[in-house]
Amino acid sequence: MSMQTSDVESTVVVSIPRRPHTKTKSGCLDCRRRRVKCSEEKPECRACSRRGVECQYSLSTYRRSPVSQHADETSPASASTSTSTSTTTPGLPFSQCQCSCHHSSSIPNLSLLPSPPITTTPLCERAPAIFSIEEIALFQHWTLYTSLDIYKNSSLASDCQVGFSQSALQHPFVMQAVLSLTAAHMAYLNPESRLRFIANAAQYHNEGLKGFREAKAQNDDSIAEALFVWSSLNLLYVFGVSSRLSESSCDDLDWGTRGDRILGIGFIPMILGIVTVLESYEYFQALSFTSLKNILSVGNLEEIQPPEEATDSEDEQFFQILAALNGTSTFRGLEHTHSEFANMARSCSRLDLYPRGKLALGALTTNGVKAGFDSEHLVPGAPGNHVLEQLERRCFKVGSYFLLVNATPWSMTLSRNVSYQMRQFKFPKTIKPGTSNRIYIQGKGHPDDAGEASYKFKDLPGEPDFELKYSSRKAGIRFTKLRTLNNKRGSFHELAWHWDNNFPFIIASSESDPQNPSLWPWLVSSNPPEDWMHSIYPRIACLTLRELAMPATHNSGSSRFHRKSWLGQPWNTKAQERNISEQLRYGARWFDIRPSKTGGKWATGHFGFSLGNWHGANGEYLDDIVEALNYFTSRNKELIIVNLSHGVNSDNFKGKKHAWMTQKEWDEVMTKLEKINYRVENRSFVRDVTKLRVSKLIPNRAAVIIIVDDHVHKKKFKGLKQKTILVPVELSTFADKGFFSRSQFPLFDEYSNTKHQKKMAVDQLAKMKKQRKSPKSKMFLLSWFLTQCLHPIIPNAKHANRALIELLWPAMSPSTYPNLISVDAYPKNADLVALAMAINYHFAPQCEVSSASSMDSSFSAS
1 MSMQTSDVES TVVVSIPRRP HTKTKSGCLD CRRRRVKCSE EKPECRACSR
51 RGVECQYSLS TYRRSPVSQH ADETSPASAS TSTSTSTTTP GLPFSQCQCS
101 CHHSSSIPNL SLLPSPPITT TPLCERAPAI FSIEEIALFQ HWTLYTSLDI
151 YKNSSLASDC QVGFSQSALQ HPFVMQAVLS LTAAHMAYLN PESRLRFIAN
201 AAQYHNEGLK GFREAKAQND DSIAEALFVW SSLNLLYVFG VSSRLSESSC
251 DDLDWGTRGD RILGIGFIPM ILGIVTVLES YEYFQALSFT SLKNILSVGN
301 LEEIQPPEEA TDSEDEQFFQ ILAALNGTST FRGLEHTHSE FANMARSCSR
351 LDLYPRGKLA LGALTTNGVK AGFDSEHLVP GAPGNHVLEQ LERRCFKVGS
401 YFLLVNATPW SMTLSRNVSY QMRQFKFPKT IKPGTSNRIY IQGKGHPDDA
451 GEASYKFKDL PGEPDFELKY SSRKAGIRFT KLRTLNNKRG SFHELAWHWD
501 NNFPFIIASS ESDPQNPSLW PWLVSSNPPE DWMHSIYPRI ACLTLRELAM
551 PATHNSGSSR FHRKSWLGQP WNTKAQERNI SEQLRYGARW FDIRPSKTGG
601 KWATGHFGFS LGNWHGANGE YLDDIVEALN YFTSRNKELI IVNLSHGVNS
651 DNFKGKKHAW MTQKEWDEVM TKLEKINYRV ENRSFVRDVT KLRVSKLIPN
701 RAAVIIIVDD HVHKKKFKGL KQKTILVPVE LSTFADKGFF SRSQFPLFDE
751 YSNTKHQKKM AVDQLAKMKK QRKSPKSKMF LLSWFLTQCL HPIIPNAKHA
801 NRALIELLWP AMSPSTYPNL ISVDAYPKNA DLVALAMAIN YHFAPQCEVS
851 SASSMDSSFS AS
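Residue numbering for the sequence shown follows the UniProt record's numbering, beginning at 1 and increasing consecutively.
It should be emphasised that the hints constitute simulated quantities derived from the structure, not laboratory data.
One should not assume that every hint holds.
Said to hold, decoys possible - DEER-style ranges, computed between Cβ atoms:
#1 R213 with N652: 53 to 61 Å
#2 N630 with Q421: 33 to 41 Å
#3 H799 with A766: 19 to 27 Å
#4 K444 with N516: 44 to 52 Å
#5 K654 with P191: 25 to 33 Å
What the hints assert, rightly or not - The calculated lysine-lysine pairs, modelled on DSSO-like cross-linking and capped at a C-alpha distance of 27 Å, are:
#6 K564 with K664
#7 K601 with K637
#8 K481 with K426
#9 K714 with K672
#10 K691 with K770
#11 K767 with K778
#12 K675 with K657
The structure displayed is predicted, hence computed values, not measured ones.
All residues carry an ideal CB built from backbone N, CA and C; glycine is no exception.
Modelling step: build the complete structure from the supplied sequences, incorporating the hints.
In structure tokens form, the structure reads like this:
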């Protein structure tokens, strides 16, 4: 039996003739995924109708490129078929290939893309492929978005955008690789059309693979650049289809088990395919003189270095191997990977880069096209899958950071620290007062990894303690002898565990004499109650709004998506996952409401104007928001602030840049919001609401403050000339009904306008330091959100939120702290509430309020 093995795709081909048969690919995607016969009725086949699922078909056909056609003519399988037979290849609706921005964006200049030069490439490589308008639209998406997402480095992103695109215009098989990766990118950006896009991507990939094999057989160094580009794009594509994005939807990729696709048959051979292209000295020399030479440099090497806390020798060595720093031949711990892995690393050591590739491990660290396009869905630690456990232990690293914030006047002392099968579980002996401590925890990827660490307060009566319990990527706090607000002794609170990121626990107190506490509750922590303001009323009663801290949400009503405009999509418009009712329940108290008239009704909206049109969509209806506020305040005595701004009439867009609300429309909105209960009425005489004390607002009831921060166009005559000016919304009719102007609510509110988390953090913390010189300074809104253009808002907001407590806490002091902590993707774990309570207890001025009757029953319960 003769066997033929390819180093690009490690499937084994046995030279036994197959029975001729006809394989139809015209059925719907769901039937093809399930491998059942499809009745092919349109728009919905009988099987999908019976199962109640969405029925989707592949889109339009196009004429095959000369490379793929030539490959079929020369292959044994096609020798008996007519050369005029065409193959269906998916297209893409032009409207699906567009992206819109979270705020504003600049579109890359297409003039950067030079015309392809005339070369002496063989006709089968140079002949222009005939693509439909859908393929042209898909290539446009690659040029404007996907190509720029592959690298964090802006100069390398430009090289990728120009160099890869130029190669695709010259070589049809490279164009197929570009289209396959872009279609996979679109599947990530459009989850509702995931099946169609990933099926399209698979067919593009198969067409390109045929052309690559033929081009590689020529042994012509003049096409080294094309082979290099195809191999790089192919590797990214393999990472993309290794997650749930295509776990059951790529029938054409028969790669066996999920583990094989990620590591054995799918992952390693793709790296070896790049090695095959580059191990030739002639190829390497040819590439060194092309426009892509910059991609062969190490670049952001720190991205693949192991964390300082990870002291395991095997992990350090693994990262060194992937970085190809020394071409070492020692590969301990990698015995479950492909046997050629060591040879691959050594043969490529002269490149200083390509085992990690900027496209191999680099695919795991990019902004947009990242591993699996949905990295949170990888589950390498599944029981019984040793290969995947090995991958996670060596590459993904089963580790995270326990962020312990001690916002009390007392030290914590480590009393117990035990672990089982943990690589890293070391805790500091003492946690000083007022500090945050980031402690790295790493398991081995086994289901029974476990650890426990206990801290006690020796300065408190009875030396109460609490315990961190970790077990197989789950963590929580056991309140052993300690009790805090809403947490009884012996209770357990599960923390939100995040891979390679922070899971915080916060505990705070302002009590100087715990033997005789001056107020109750005097000790608060994570897992606060729903009515957290009322619960800590004795501590915050004397504070003015300028001295108070509370969580806030940005674009609060954008959890819903309907009646979109132009390029608005859920991924670039929705800024929240939870509606107003849920945000209230999880502790948010400031709401950013942006009224929008849509279909004659009033809702919230998230819109921006660019390229001659409005883009975005509408969110929650105002009636639903009013109902949510009234239900919540009927049960909780909390202070709520509603900020109204950015009002638009989306019914009148039609390309009009100034489709803002009129004074009459604002009167309609305020009339509707008059239905909100517990508004702070009869306070129109107050010049500065932020100087009111909490005790004047919620002594024994809820309170809702409504701020109108917007302008309307007003016509003004100067002589015979008419001029349009912007004036604040007129509130005279509603002044005593709980509505206040922005002039009555002085506030510093300025976002960073950047998509980079580090830049945003530095900018916001610098502004806070400059604006907040004392607790009596103007209120400060911390805009802890990113301005997204090419990436989904919510996933990136979650990453920013997990870094919030770690970066904010060291930057605060009794004179400098934020009043409003505004975020996208507001979490449901109440960590931001715990942070706000810690600020109010640890940094805000002390209150002289003491009342035994105000003791919280849930706190005093043992």
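| task | Could you work out which earlier hints the structure fails to respect and list their numbers in ascending sequence? | result | Hint check: 2, 7 and 12 fail, others pass.
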